[in-house]
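Trainee: Based on these hints, arrange chain Y on the given structure of chain P.
Each chain is listed here by its residues.
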Amino acid sequence: MAERLQTFYDIMRAQGTSRRSFLKFCSLTAAALGLEPAYAGAIAHAMETKPRLPVLWMHGLECTCCSESFIRSGSPLSSDVILKMISLDYDDTLMAAAGADAEKALTEIPAKYPGEYVLAVEGNPPLNEDGMFCITGGRPFVEKLQEVAANAKAVIAWGACASWGCVQAARPNPTQAVPIDKVITDKPIIKVPGCPPIAEVMTGVISYIVTFNQLPELDSRGRPAMFYGQRIHDKCYRRPHFDAGEFVESWDDDGARKGYCLYKMGCKGPTTYNACSTTRWNGGVSFPIQSGHGCIGCSEENFWDNGPFYSRLANIGAAFGIEATANEIGETAAGAALAGVAAHAAASAVKHFTHKPTEGEK
Amino acid sequence: MSAPTPHSVPAGVVKAPVYVYELPVRIWHWVNLFAFALLVVTGLLIASPIWPQLDGEPYHLYVMGWVREIHFVSAYIFTIGFAVRIYWMFVGNEHAREIFLPAVWSCAWWKNMWATIRWYLLIDRESPIEVGHNPLAQAAMFLFFVLGALFQIVTGFALYGEGAGGWSAKLFTSWVIPLFGGSMEVHTWHHLAMWYILVFVIIHVYMVIREDIMSRASIVSAMINGWRMFKDNRP
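Line by line, the protein sequences are chains P and Y. Residues 1 to 362 (this note's numbering) make up the first sequence, in order. Residues 1 to 235 (this note's numbering) make up the second sequence, in order.
Treat the hints with care, since some could be wrong.
Unchecked claim - Have a look at the derived ranges for each label pair, beta carbon to beta carbon:
1) P:A343 - Y:S48: 26 to 34 Å
2) Y:K170 - P:E108: 42 to 50 Å
3) P:Q146 - Y:W175: 28 to 36 Å
4) Y:G166 - P:H45: 20 to 28 Å
Said to hold, decoys possible - Each computed DSBU-like pair below joins lysine-lysine, with the alpha-carbon atoms no more than 35 Å apart:
5) Y:K231 - P:K351
6) P:K153 - Y:K170
7) Y:K170 - P:K182
8) P:K235 - Y:K170
Claimed, not checked - Going by beta-carbon spacing under 8 Å, a handful of chain P positions derived as facing chain Y:
9) R171
10) N173
11) T175
12) A244
13) E246
14) K264
15) K268
16) A345
17) A346
Hints were generated in silico from the structure; no laboratory data involved. Beta carbons are placed, not taken as given, at the ideal position from N, Cα and C, and that holds for glycine.
In isolation and in its complexed conformation, chain P is listed as follows (with noise of 0.2 Å):
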């Protein structure tokens, strides 16, 4: 890598985009991040000046969906976004290099752009017996990620498990897997959680990143509002039959023919920030909605330990040895006290026909 960076536009240009192909691009990105025409300039001008954004990608405990997912991307296209709009300087399952080479940007980067650079984290660092239950280039993840987030500029966290910590953090957790805001507590993180999270919200965070020089707007819970800002459910195409009270009551009965509301099939989606049912997946061609299978709320905390997936009622109680919904317990509870406000009515009655009045009381 130069000493200077270069600009986007210098990659480009060098890569043989055109002028014209280059300003299509930028109206392209303008359009995806659902910003007005007069931005298309603004990416030029930023394309043109600014140099390429460092970023270094590093995968913890994790299946690379999150990686599946992007490569995906169809607007902007992954590889416009890896070889165009940011320096991917280490990303283990993509970059050519293999073995020391590759390992040597994560020292090598830091160093050079200290306070320039972007980290993304796919995966979590485990940090039961010192972070053994992940290791990478023969070190604990954790350290290793520490280290590249000390003099990073911003912090991305992938997914749900860099997000919240995904299936290895559901109970019982054995490996103590922890979500990446736990051991970096001094930088910005942005979390783009899901399981996977949707292509064009990946490329589209990253494009933000470069074409404003800051992070998106975040929520209370540091995901870009713009992406996670509704629920799944509040802009379903079946959510008139959830207003209309027509829900499918068995895989293949009528009402799963004819699209009903899948809420009591235990679809998720009324409790799960995302973007599903707007961008949807593959280029806008589906999502599970669509499929006709419920939402699983993959990019909530603790998914896996609110399910059953099929139920509208989450288990409770599993640290206690009992897996119950709350109706359950209730329901419990409530005939509990029903049966001893009988027998105390009993014993009252009992008592008192059973006694016999004195002088005094009667």
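Mentor: Same frame as chain P, but now just chain Y:
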């Protein structure tokens, strides 16, 4: 308001009636019951819409919509009633404070608590005399109803704000959802707390009926006409 006199008993044989529950307290009690009953029924239906599968175009039907609408309107009535009741705690008589501030610092309160427990455990043959709520009832109303109602108002408006936005989103959703971890957890706790209050209601209804029959003072009619009437003249 003049004290009603039980005409079957000659004057002086029983203790004079005491005006305990003022009109706003009585109105609140029954409005609150009405709102709570609607909230329980519609809340259970929201969690488990048990009606048979409907047929027809959704623009002709608004069943779930109405169930939720009734839940939200009842919630507003419940909340406004609770706010008025809190206001009455400051301006009402001494009995209006009992369920909000049980006098746990007072020795007499604990002595009466023990007497009430002995009475409920069928150890004592005769009920202790209380003008307002007995200490056990005060404690139960505070722990189950006051705290339970506050919890339901806060979690309920947090869930309401998720869809409705506006002031409830700013005031409640913004911090309640992160506090519990997610919207699903808030739903679950909101649902559990309904059962918590419902268990209280079961015991409350039983106790007032039992007290009305077996204790030495009127209970049920006191929440209708406001007067606590006594059945004898002993301390």
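Trainee: Now tell me, hint by hint, if it's right for this structure.
Mentor: Checked hints:
Between A343 of chain P and S48 of chain Y the beta carbon distance is about 30 Å. The supplied range of 26 to 34 Å therefore holds. Between K170 of chain Y and E108 of chain P the beta carbons are some 46 Å apart, a value that agrees with the proposed interval 42 to 50 Å. Taken as a hint, the range 28 to 36 Å holds for the pair Q146 of chain P and W175 of chain Y, whose Cβ atoms sit roughly 29 Å apart. For G166 of chain Y paired with H45 of chain P, a C-beta distance near 38 Å fails the hint of 20 to 28 Å.
For the proposed pair K231 of chain Y and K351 of chain P, the alpha carbon gap of about 20 Å is at most 35 Å, so the pair holds. A threshold of 35 Å between alpha carbons decides the hint, and for K153 of chain P with K170 of chain Y the separation of about 30 Å falls inside it, so the pair holds. Proximity of K170 of chain Y to K182 of chain P is assessed by CA-CA distance (about 26 Å); at most 35 Å being required, the pair is judged to hold. Taken as a hint, the K235 of chain P and K170 of chain Y pair is honoured in the structure, with Cα atoms around 21 Å apart against an allowance of 35 Å.
Nearest Cβ of chain Y to the Cβ of R171 of chain P: about 13 Å, over the 8 Å cut. The hint is violated. Because the beta carbon of N173 of chain P sits about 14 Å from the nearest beta carbon in chain Y, more than 8 Å, this interface hint is broken. This hint is violated: T175 of chain P has a C-beta 20 Å from the nearest C-beta of chain Y, more than the 8 Å allowed. Proximity of A244 of chain P to chain Y holds as hinted, the smallest CB-CB distance being about 4 Å (cut-off 8 Å).
Checking E246 of chain P against chain Y: minimum C-beta separation of about 5 Å stays under 8 Å; hint holds. Satisfaction of the interface hint for K264 of chain P is found here, the shortest Cβ-Cβ separation to chain Y being roughly 7 Å, below the 8 Å cut-off. Hint status for K268 of chain P: holds, given a least beta-carbon distance of 7 Å to chain Y, under 8 Å. Restraint check, A345 of chain P versus chain Y: the minimum CB separation of about 7 Å is within 8 Å; hint holds.
Interface restraint check for A346 of chain P: the shortest CB-CB distance to chain Y comes to about 11 Å, outside 8 Å, so the restraint is violated.
Checked against the numbered hints given earlier, this structure breaks hints 4, 9, 10, 11, 17; the rest are met.
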